[in-house]
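Peer 1: Quick note: the sequence shown uses this note's numbering, first residue 1, plus one each step.
If you are wondering where the hints come from, they were derived from the structure by calculation, not from laboratory data. One should not assume that every hint holds.
[Stated by the list, open to error] List of simulated lysine to aspartate or glutamate pairs, EDC-like, C-alpha gap at most 16 Å:
{"no.": "1", "residue 1": "160", "residue 2": "132"}
{"no.": "2", "residue 1": "121", "residue 2": "154"}
{"no.": "3", "residue 1": "99", "residue 2": "147"}
{"no.": "4", "residue 1": "72", "residue 2": "116"}
{"no.": "5", "residue 1": "38", "residue 2": "93"}
{"no.": "6", "residue 1": "72", "residue 2": "140"}
{"no.": "7", "residue 1": "160", "residue 2": "178"}
{"no.": "8", "residue 1": "121", "residue 2": "163"}
{"no.": "9", "residue 1": "71", "residue 2": "41"}
{"no.": "10", "residue 1": "160", "residue 2": "140"}
{"no.": "11", "residue 1": "121", "residue 2": "157"}
{"no.": "12", "residue 1": "71", "residue 2": "8"}
{"no.": "13", "residue 1": "72", "residue 2": "8"}
{"no.": "14", "residue 1": "160", "residue 2": "147"}
[Unchecked claim] Simulated restraints, written as ranges between beta carbons of each label pair:
{"no.": "15", "residue 1": "51", "residue 2": "122", "range": "41 to 49 Å"}
{"no.": "16", "residue 1": "36", "residue 2": "86", "range": "27 to 35 Å"}
{"no.": "17", "residue 1": "48", "residue 2": "176", "range": "41 to 49 Å"}
{"no.": "18", "residue 1": "168", "residue 2": "40", "range": "15 to 23 Å"}
{"no.": "19", "residue 1": "14", "residue 2": "115", "range": "54 to 62 Å"}
{"no.": "20", "residue 1": "88", "residue 2": "140", "range": "27 to 35 Å"}
{"no.": "21", "residue 1": "110", "residue 2": "177", "range": "18 to 26 Å"}
{"no.": "22", "residue 1": "98", "residue 2": "58", "range": "47 to 55 Å"}
{"no.": "23", "residue 1": "22", "residue 2": "72", "range": "38 to 46 Å"}
{"no.": "24", "residue 1": "101", "residue 2": "49", "range": "31 to 39 Å"}
{"no.": "25", "residue 1": "48", "residue 2": "106", "range": "21 to 29 Å"}
{"no.": "26", "residue 1": "147", "residue 2": "175", "range": "17 to 25 Å"}
{"no.": "27", "residue 1": "160", "residue 2": "86", "range": "15 to 23 Å"}
Yeah, the Cβ is synthetic: ideal placement off N, Cα and C, and Gly gets one too.
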Amino acid sequence: MADVITIEAQARDRLGKGASRATRRAGFVPAVIYGDKKDPEAVQIAQNEIQRLLNRGGFMSQTYDLVVDGKKTTVLPRDLQLHPVSDAPMHIDFLRLGKGATVTMAVPVHVVGEDESTGLKRGGVINHTRHDIELNVPADAIPEFIEVNVAELDLGEAVKISDVTLPEGATPTITDRDFTILAIVAPSGLKSAQGAEGEDEEGEEAEGEAAAEGGDAEE
């Protein structure tokens, strides 16, 4: 789990589209904090601070300590609106996290062991069925990624969710099946070549059988 980052914010008194536009013109991003059975709280955050966090990556998948006028609240970004042309942050919804809260997150898959994989050494490629895994996790222990080791995989073999060690307290949202995360497969060119070889062999066998049948008929 990544270290919790602190974001400084200010309370926002004026609401509405006009007020939000004025907030953005002043160099701030309007935001709202909601959840934990408390009233929503309108705030504003310096635009350059939000942009810096966005540039780091993973903004939507980690918790933050949002400090509003000296009061700290642990939050998780739940919605981020970007400008359709400039991609500048326009508005953020933060979920307020109470003690012991559990959240549903799409956690990225991080592949290791590629250099040792027999299947990859034989020319196979990784076919990602899922680039991330949706998990129910404790809000104070959101993993940065889920590690998937392919070192022991050969061509045609796969990694399923049951093969992965999840962090303590984390459970997949899909519970009715042992779903596949990735597999080592032959590249399309190799598949085509193998298919063509198989067809040639079948054709030769068929020709041989036809010739034998023809010889029997002449007798």
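Peer 1: Does each hint fit the structure? Answer for all of them.
Peer 2: Here is what the structure says about each hint:
With a C-alpha separation of about 13 Å, the suggested pairing of residue 160 with residue 132 holds against the 16 Å cut-off. Distance restraint check for residue 121 and residue 154: the Cα-Cα separation of roughly 9 Å lies within the 16 Å cut-off, and the hinted pair is therefore satisfied. Between residue 99 and residue 147, the direct Cα distance comes to roughly 27 Å. Violation of the 16 Å bound is thereby established for this hinted pair. Between residue 72 and residue 116 the alpha-carbon distance is near 46 Å, which puts this suggested pair outside the 16 Å criterion.
Of the supplied pair hints, the one linking residue 38 and residue 93 holds, its CA atoms being roughly 15 Å apart against a limit of 16 Å. For a cut-off of 16 Å, the pair hint linking residue 72 to residue 140 stands: about 15 Å separates their Cα positions. The hinted pair formed by residue 160 and residue 178 meets the criterion: a straight-line CA distance of about 6 Å does not exceed 16 Å. For the hint linking residue 121 to residue 163, the alpha-carbon distance of about 22 Å lies beyond 16 Å, and the restraint is violated.
This hinted pair checks out: residue 71 and residue 41 have alpha carbons roughly 12 Å apart, not beyond 16 Å. For the suggested pair residue 160 and residue 140, the alpha carbons sit about 26 Å apart, so the restraint of at most 16 Å is broken. Distance hint between residue 121 and residue 157 is fulfilled; the C-alpha atoms sit about 14 Å from each other, no more than 16 Å. Taking the CA atoms of residue 71 and residue 8, the gap is near 10 Å; set against the 16 Å cutoff, the hint holds.
Distance hint between residue 72 and residue 8 is fulfilled; the C-alpha atoms sit about 9 Å from each other, no more than 16 Å. As the CA atoms of residue 160 and residue 147 are separated by approximately 12 Å, the hinted pair is consistent with the 16 Å bound. Against the hinted window of 41 to 49 Å, the Cβ-Cβ separation of residue 51 and residue 122 comes to about 45 Å, which satisfies the hint. At roughly 33 Å, the beta-carbon separation of residue 36 and residue 86 lies within the given 27 to 35 Å, and the hint holds.
Between residue 48 and residue 176 the Cβ separation comes to about 46 Å, which falls inside the hinted range of 41 to 49 Å. For residue 168 and residue 40, the Cβ-Cβ distance of about 32 Å falls outside the hinted range of 15 to 23 Å, so the restraint is violated. For the pair residue 14 and residue 115, the supplied restraint of 54 to 62 Å holds, since their beta-carbon distance comes to about 57 Å. Under the hint 27 to 35 Å, the C-beta atoms of residue 88 and residue 140, about 31 Å apart, fit the expected range.
At roughly 23 Å, the beta carbons of residue 110 and residue 177 sit within the given window of 18 to 26 Å. With their beta carbons about 23 Å apart, residue 98 and residue 58 fall outside the hinted range of 47 to 55 Å. Range check, residue 22 to residue 72: Cβ separation about 27 Å, and the 38 to 46 Å hint is violated. At about 24 Å, the beta-carbon gap between residue 101 and residue 49 misses the expected band of 31 to 39 Å.
Taking 21 to 29 Å as the suggested C-beta distance range, the pair residue 48 and residue 106 conforms, at roughly 27 Å. Between residue 147 and residue 175, the C-beta spacing of about 21 Å keeps the proposed range 17 to 25 Å intact. Between residue 160 and residue 86 the Cβ separation comes to about 42 Å, which falls outside the hinted range of 15 to 23 Å.
Violated hints, in rising order: 3, 4, 8, 10, 18, 22, 23, 24 and 27; the structure is consistent with all others.
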